[in-house]
Amino acid sequence: MSAGDVPGDGARLRAEGVTLAYEQRTVIRDLDVAVPDGSFTVVVGPNACGKSTLLRGLARMIKPAAGRVLLDDRVISSYGPKEVARRLALLPQSPTAPDGITVLDLVARGRYPHQSLLRQWSVTDEEAVRDAMAATGVTELAERDVGQLSGGQRQRVWIAMVLAQQTPLLLLDEPTTFLDIAFQLDVLDLCADLHAGGERTLVAVLHDLNQACRYATHLIAMREGRIVAQGPPGEIVDADLVRAVFGITCAVVPDPQTGTPMIVPAGREIRRQRREAARAEDPVGSGALGDA
Amino acid sequence: MSGTVSRTVSNTVLPTGPVVRTPRVSLRVHTRTVTGVVVLLVVAVVLAAMALTLGDYRLSLGQVVGALTGSGSRAQQYVVVGLRLPRVAVALVVGAALGVAGAVFQSLARNNLASPDLLGFTTGAATGALVSIVLVGGGPTGTTIGAIVGTLVTALAVQALLGGAVGGYRLVLVGIGVNAVLAALNNFLILRTDLSTAVAAQSWLVGTLNGRSWPEVLAVAVALVLLVPIAVAGSRRLDLLGMGDDVARGLGVTVERTRVVTLLVGVALVGVATAAVGPIAFVALAAPQLARRVTGTTGPGMVAAGLMGAVLLLAGDVLGQRLAAPTQFPAGTMTAAIGGLYLVWLLAREWRAGR
Ligand SMILES: Nc1ncnc2c1ncn2[C@@H]1O[C@H](COP(=O)(O)OP(=O)(O)OP(=O)(O)O)[C@@H](O)[C@H]1O
Ligand SMILES: [Mg+2]
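Line by line, the protein sequences give chains Z and E.
Counting from 1, position 44 in the first sequence corresponds to residue 44 in the working numbering; the numbering is continuous, with no gaps.
Convert by adding 292 to the 1-based position in the second sequence; the result is the number in the working numbering.
A couple of the hints might just be wrong.
[To be verified] Derived pair list, reagent style SDA-like, types lysine to any residue, alpha-carbon separation capped at 25 angstroms:
1. Z:Lys82 x E:Ser495
2. Z:Lys82 x E:Gln620
3. Z:Lys82 x E:Arg528
4. Z:Lys82 x Z:Asp72
5. Z:Lys63 x E:Arg320
6. Z:Lys82 x E:Ala401
7. Z:Lys63 x E:Thr546
8. Z:Lys82 x E:Val317
9. Z:Lys82 x E:Gly536
10. Z:Lys82 x E:Arg549
11. Z:Lys82 x Z:Gln115
12. Z:Lys82 x E:Arg320
13. Z:Lys63 x Z:Asp32
[As the list claims (entries may be wrong)] Covered by chain Z, according to a simulated footprint, are these stretches of chain E (three or more residues, beta-carbon under 8 angstroms):
14. 311-322
15. 534-540
What the hints contain is simulated information worked out from the structure, not anything from laboratory work.
Using N, Cα and C, we set each Cβ at its ideal position, and we do this for glycine too.
Construct all of the structure, not just a fragment, from the sequences and the given hints.
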């Protein structure tokens with residue numbers, strides 16, 4: 001599957017011709033994207049290419065300047081705010097915990113869309129929170145102050161909060177950033193577990209391409225607000241794609257552990273030579289995209 | 293949650309406190325909040341009773357109760373019901389309004405220093421009221437509307453100056469600037485008027501409960517009845533806003549509407565309270581924080597903040613009357629003196645925490 005080829009059916013969440021902009025800066029223009037149901041979709045791309053913006057657009061954090069986002073075949077803004085929150089959860093890139101809040105209180109807030117004046121803390125709420133904390137392994141931290149946790153612990157607590165929301169769609173913006181390799185794998189394994197049942201659709205932004213290839217069932221590669229390629233990692237990831245997206249020279253070999261594509265960047269000297277060659281060919285600087 | 297999550301599902305009971313549950317209804321009971329609110333209520337009543345006995349004309353508690361129930365002498369009834377009761381009532385309702393407003397603004401700005409007095413809203417309310425007094429001759433309605441408009445304009449200006457949630461020092465600095473400009477403007481307005489208006493305005497500007505009576509009580513009480521329920525209803529959403537706009541919106545909070553509605557509630561409370569008694573410092577700053585200490589919660593806690601505000605202002609007024617009797621300090625001066633110390637302590641603590 002290549003850029004522009006959109007799986008239209010079987011996508012509860014999709015965007016049609018959306019333009020996403022902050023005041024004057026347009027980050028994404030006229031983009032079509034569909035999140036395949038039941039997939040573990042991973043979004044990759046260089047810094048500032050618009051990954052977070054795309055997620056925020058899909059999760060109705062930004063109102064599209066043009067086009068529309070559809071959730072279950074209805075424009076997302078036509079739902080009540082809590083109704084959306086019962087179908088779709090977003091963990092933003094760097095959430096802030098209020099001062100002095102305990103882990104349990106934070107996770108319990110994920111139940112807000114299911115609550116009302118007369119339904120403040122139902123048995124379902126309690127179970128959802130307990131399960132979310134158990135799944136992320138933060139049960140023992142229940143009464144700790146979130147501000148005093150390690151980065152990895154805190155990240156798990158936030159994931160527990162969106163899990164407690166119990167939505168079929170879960171969007172996670174860089175859930176593994178700041179974590180050591182063991183925690184990264186933990187979080188990704190957790191995502192894979194959550195996805196394995198088949199009822200849940202996950203979208204995550206990741207920076208580690210090898211991890212993305214290992215875990216994603218559907219990969220979306222972005223650059224400068226556009227989708228360069230999307231599809232199963234095994235089918236779309238090759239040296240040309242990595243150069244087109246990140247502008248680096250590399251070899252792509254089968255991962256010795258999983259057989260999924262593994263990116264091995266070329267040595268420094270070779271990469272420098274390629275860069276200079278590209279610059280000589282195309283002094284404007286868009287060379288990386290041009291020769292893909 | 294699906295059964296595919298392989299980790300063990302623990303059976304620990306979550307320490308969420310008691311919940312009242314029927315099949316369709318479930319209500320959370322925050323034991324410590326309830327206890328805190330009850331304690332504050334008791335303190336308020338005791339303080340009010342004390343305030344009614346104190347004064348140049350000493351009365352016993354029994355005499356006060358007698359006067360209140362209509363069995364005392366005419367003189368006693370006049371002193372208690374005619375003079376002291378309205379003053380106590382004004383202190384309670386104005387303090388409550390300021391406490392709730394403080395809780396609203398502090399959680400809106402996600403900053404404990406963002407209170408209407410430090411940020412200059414109270415001075416702005418005074419400016420609005422003075423403009424109304426000087427230009428159109430005042431009157432209670434005119435003063436109140438002027439104060440509300442003044443508060444709103446100041447709040448919007450400060451918001452524009454700050455541009456989103458910011459750290460404590462920048463907030464305090466902007467507040468100092470805004471306060472200075474508005475105080476100068478207030479002086480200018482007073483200088484422009486004739487002597488009698490100027491004297492009246494000046495005495496109002498120090499924030500005193502002297503000579504306040506039932507009309508002021510009624511105005512503020514009506515505002516409380518109308519606005520506090522809105523603040524209480526919005527407090528959960530305000531609390532969720534503390535996790536950032538995206539998280540709050542993700543949970544289904546209508547972020548913009550919550551902000552606008554609670555801002556207007558806070559502005560109206562400050563405006564009405566200031567119109568009634570003049571600018572009162574530090575009650576709005578200290579009440580929400582002290583209330584949180586009592587209830588042990590992190591959220592805005594509107595009811596507790598309001599009660600704490602009522603207690604603080606009444607205590608300030610009682611102290612102001614009795615501390616150096618027969619010399620009387622205005623309540624506003626007392627709260628400023630006590631609150632100033634509290635602010636210094638707060639800043640020192642924040643500074644030591646390295647923020
Ligand atoms: N709130 C904002 N206001 C204005 N511009 C913004 C805002 N957030 C992001 N941008 C801009 O939009 C562009 C895309 O940002 P975005 O956060 O979507 O990138 P990203 O792909 O998530 O990057 P990263 O990998 O660094 O997280 C950047 O140029 C950024 O400067
Ligand atoms: Mg990002």
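To see whether the hints hold, each was checked on the structure:
1. Z:Lys82 x E:Ser495: violated (50 angstroms)
2. Z:Lys82 x E:Gln620: violated (54 angstroms)
3. Z:Lys82 x E:Arg528: Distance ~14 angstroms between Lys82 of chain Z and Arg528 of chain E Cα, so the pair holds.
4. Z:Lys82 x Z:Asp72: holds (15 angstroms)
5. Z:Lys63 x E:Arg320: The hint is violated at about 35 angstroms.
6. Z:Lys82 x E:Ala401: holds (24 angstroms)
7. Z:Lys63 x E:Thr546: Holds - the C-alpha atoms of Thr546 of chain E and Lys63 of chain Z are around 14 angstroms apart, at most 25 angstroms.
8. Z:Lys82 x E:Val317: holds (19 angstroms)
9. Z:Lys82 x E:Gly536: holds (17 angstroms)
10. Z:Lys82 x E:Arg549: holds (14 angstroms)
11. Z:Lys82 x Z:Gln115: holds (9 angstroms)
12. Z:Lys82 x E:Arg320: holds (20 angstroms)
13. Z:Lys63 x Z:Asp32: Distance ~15 angstroms between Lys63 of chain Z and Asp32 of chain Z Cα, so the pair holds.
14. 311-322: holds (count 7)
15. 534-540: Contact hint for the region 534-540 of chain E vs chain Z: holds, 6 residues under 8 angstroms.
The earlier numbered hints that this structure contradicts are 1, 2 and 5.
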